[in-house]
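The listed protein sequences correspond, in order, to chains A and B.
Heads up: the first sequence begins at 1 in the UniProt record's numbering, then just goes up one per residue.
Heads up: the second sequence begins at 1 in the UniProt record's numbering, then just goes up one per residue.
In case anyone wonders, no lab produced these hints; they're calculated from the structure.
By construction, the Cβ of each residue, glycine as well, lies at the ideal position given by its N, Cα and C atoms.
Each hint should be verified, as a subset may be incorrect.
Stated by the list, open to error - In silico EDC-like links for lysine to aspartate or glutamate, alpha-carbon gap of 20 Å or less:
| # | chain 1 | residue 1 | chain 2 | residue 2 |
| --- | --- | --- | --- | --- |
| 1 | A | K152 | A | E230 |
| 2 | B | K302 | A | D397 |
| 3 | A | K447 | A | D397 |
| 4 | A | K52 | A | D172 |
| 5 | A | K411 | B | D404 |
| 6 | A | K164 | A | E127 |
Claimed, not checked - Partial selection, computed: residues in chain A whose CB lies under 10 Å from chain B:
| # | residue |
| --- | --- |
| 7 | G324 |
| 8 | L326 |
| 9 | F327 |
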Amino acid sequence: MVSTDDNILEMRRITKTFPGVAALQDVTLAVRRGEIHAICGENGAGKSTLMKVLSGVYPSGSYDGEILLDGEPVHFRGIRDSEQRGIVIIHQELALVPYLSIAENIFLGNEQRGPGGLIDWNRSNAEAAKLLASVGLAENPVTPVVQLGVGKQQLVEIAKAISKKVRLLILDEPTAALNDVDSAHLLNLMRRLRDEGITCIMISHKLNEITSIADSTTVLRDGRTVERLEMASGEMTQERIIRGMVGRDINSFYPERVSTPGEEVLRIEDWSVRHPTQDRLVVDGASLNVRAGEVVGIAGLMGAGRTELAMSVFGRSYGRDITGRLFVHGREVRARTVAEAIGNGIAYATEDRKRFGLNLIEDIRRNVSAAGLRRLARLGWVNDNEEIKVAESSRRDMNIKAPSVMSVVGKLSGGNQQKVVLSKWLFTDPEVLILDEPTRGIDVGAKFEIYTIINRLVADGKAVIMISSELPELLGMCDRIYTLSAGRITGEVPVAEATQEKLMELMAKDKESVG
Amino acid sequence: MTSTKPSSTDRKSAESASAAALHVGTSDPRTLILNNLRQSGIFVALVVIVALFAFLTDGLSLSPGNITNIVLQYSYILVLAIGMVIVIIGGHIDLSVGSVVALTGAVSAVVVIRQGQPWWVGVLAALAVGLAVGAWHGFWVAYVGIPAFIVTLAGMLLFRGLTLRVLDNISLSPFPAEYNRIAAGFLNGLIGGDGYDAFTLLIGGIAVAGYVVSGFRTRAARVRYQQPVESFALFVARLALVGAVVMWFAWQLAHARGLPIVLIILAALVLVYGLLTRRTVFGRQVYAIGGNLSAAMLSGVKVRTVNFWIFVNMGFLSAVAGIIFSSRSNGAQPAAGNMFELDAIAAAFIGGAAVTGGVGTVVGAMVGGLIMAVMSNGMQLMGVDQSLQSVVKGLVLLVAVAFDVYNKRRAGASR
């Protein structure tokens, strides 16, 4: 092995800002040659942004700071530049073309040409077979990728990276979608690659994997580097990492609320959901309830099944083979479609308002009425004057900052868009609101307004289920918090007993250790 | 007039509302025009094209006889464009309408001409076939999930083939006089008139009065709900302008052959579908689906049902167009309706519909269709070669959509 002080990569004082938000501030990252280096942090801590800076997705010049590769400064203008220097990133969502063969995917954009510029298929397939052997995948290179499971697809990605003469391999949540056998295989492969001299950076939420495989870890929080931990020195424990990830105080950022929970409004029993295309349970026997005047939180890491749970409850909008029972006010209901769910007083405000929540080309008025349009209609005819009135009162109550209700929603700020989404669901007069990441991507002031609105709703006797990646937000807003890990409820904690460390521990709990 | 009462009470509140409107810039003519460039753009384009061809043909294109001709000649395209714009708003496309026009016309001809049934049996048979075809397309698009492009491309071949079967590869003609009247008949001389048809003018007057009344009612409601409205002068100017155009149009028709029956059908359809798209739950859901399918689904819109009825409706309107076309050509031909789908699609896009769905209006599609109609008609009057006509129409479609794309990019950049 090469000298351990020899850093293959150094990122110095990286600062990257998006309009209104500083995603990264003075982040420092050092990776030694031939090690496996883990990057830890909560959702939104800046891990992915940092990797996008490194790989040139955000080109040189769009951020401040320095990147040193082998000690010399580099300026990547795109992903091709970084790949040329041997940096390959494998994203959480695999970037393979499903109907092309393994060999075609491996050499996509790097086709093995023979004489006359035509693709030499024999050479391609033979080379691909060698690469597959090196990652321990026993598949025919002409097999279409779509026929492989996620674990094997991941191996194809790695084979593809090796074909590009990778020196620094970045894996973003590589085991998030894998079962235990595939995960173990992948981790073994990473060790072998390291021994062959390929440096790995691994972004992961699974702390047990990190402590078992990584040589060192950098912890990020809120777009800043917290610390760099070494395995060799014994400081890299799960407890230490968790403390670094969550170690901020809850400030008085959350409006006061007197909690007076009433009757149970919604109860889910033994709820299981299968992935729409893969054969695995995304939600596995989850049970929870929420009462009137109560905010119940769902905490879980990326891929834990939070959104999937919520959407499957909301008119079976996600997944298949959904089993379990759903009660509203103690009465079992069947909400097989979104319309039925709305009819039963359930509302779901999506985590991705631009893709799933709003019609961005329409105005505020039409978006506010979209889910409850029938309330404005008689015999199918919409009373558009009443519609304006409803939109106007929403604009006033929610303090939506827009010149008029005829303003197109796509041009509003994130916070105002979120208020439109909330208005839309409040107009359906729900009993229970499921709010999925209600403050994602909105600024601090608007967050406070959203919290105030949520408090007003529960004061009016509504029940709220709040899904959030920000633990301080859950601790500041909720009465009780459920933790979800790998589709299972791993804990239910009253807020008085909850700490970030405790929640994080429950969220990172393994499948096996769940009782 | 009925409008004086609301206007006098409105004036004061209208002024305060328009003062408020100034804050958001809706009353300033320049921003008003800029903001509505897309919408007003097509009207301006229509006026320019009408003026251009009036000039090029020495006023012949605006003669009473020619205006009547334009109405008769392009009414079925406009009927198709109504259905097509709804399909396009929903994010689909329908390539089959030309074939469906042929098939419905053929069925009608077989029933009326070959089997000797009364004219209305033919009409009902054609409508039934149109609805069935629409249900067929709707089934594949909505419930099986095949893209409409493919389904209707298949339908284009399928229903053309069925037309040939139904007609045994030969033309059928002529229709009895009653059937022929649908597209070639006029309401004329019902209340007399000297050298002109008073009835046509009366209907024109009623239409203008209806427009004015509904304009005032909408405005009054807007003011009551404290919404910004255009300045009162601008509002009156708009009413006066539209009223003048309609009355001039009625005047020209009255000096030709009177009020074409097909124009009444078309006007009724435009009115009904204009309301349907803007004022009904169904219409709103079409926009919602085209604007953001996922968001519509998660808002409880029954996407499949809506998509199904979009196509049933297109089938129905194709049948109406088929009846009008067969009536006008006084028979059914195997090749009838060829390329109609392209004219209808072009009308919708020129009229401001967006390729990505979620945007478009019935009125816009009508203006788009009229632009195409006036151009074709004008070039025919000038004796422009058929090949060149096609070139010009193609370029106009391209420029119109390019303008739309440019506008969107500009709007996106200003975000």
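These are the hints, each one checked on the structure:
A hinted pair counts as satisfied when its Cα atoms are at most 20 Å apart, and K152 of chain A with E230 of chain A does not qualify at roughly 31 Å. Restraint check for K302 of chain B and D397 of chain A: the C-alpha separation of about 29 Å exceeds 20 Å, so the hint is violated. A distance of roughly 16 Å separates the Cα atoms of K447 of chain A and D397 of chain A; the hinted pair therefore holds under the 20 Å criterion. For the suggested pair K52 of chain A and D172 of chain A, the alpha carbons sit about 11 Å apart, so the restraint of at most 20 Å is met.
Distance restraint check for K411 of chain A and D404 of chain B: the Cα-Cα separation of roughly 18 Å lies within the 20 Å cut-off, and the hinted pair is therefore satisfied. Restraint check: the Cα-Cα separation between K164 of chain A and E127 of chain A comes to about 12 Å, which is no more than 20 Å; the hinted pair holds. Interface hint at G324 of chain A: violated, since its Cβ lies 20 Å from the closest Cβ of chain B, which is beyond the 10 Å cut-off. The interface hint given for L326 of chain A is violated, since its Cβ lies 17 Å from the closest Cβ of chain B, which is over the 10 Å cut-off.
For the restraint placing F327 of chain A at the interface with chain B, the shortest Cβ-Cβ distance is roughly 21 Å, beyond the 10 Å limit, so the hint is violated.
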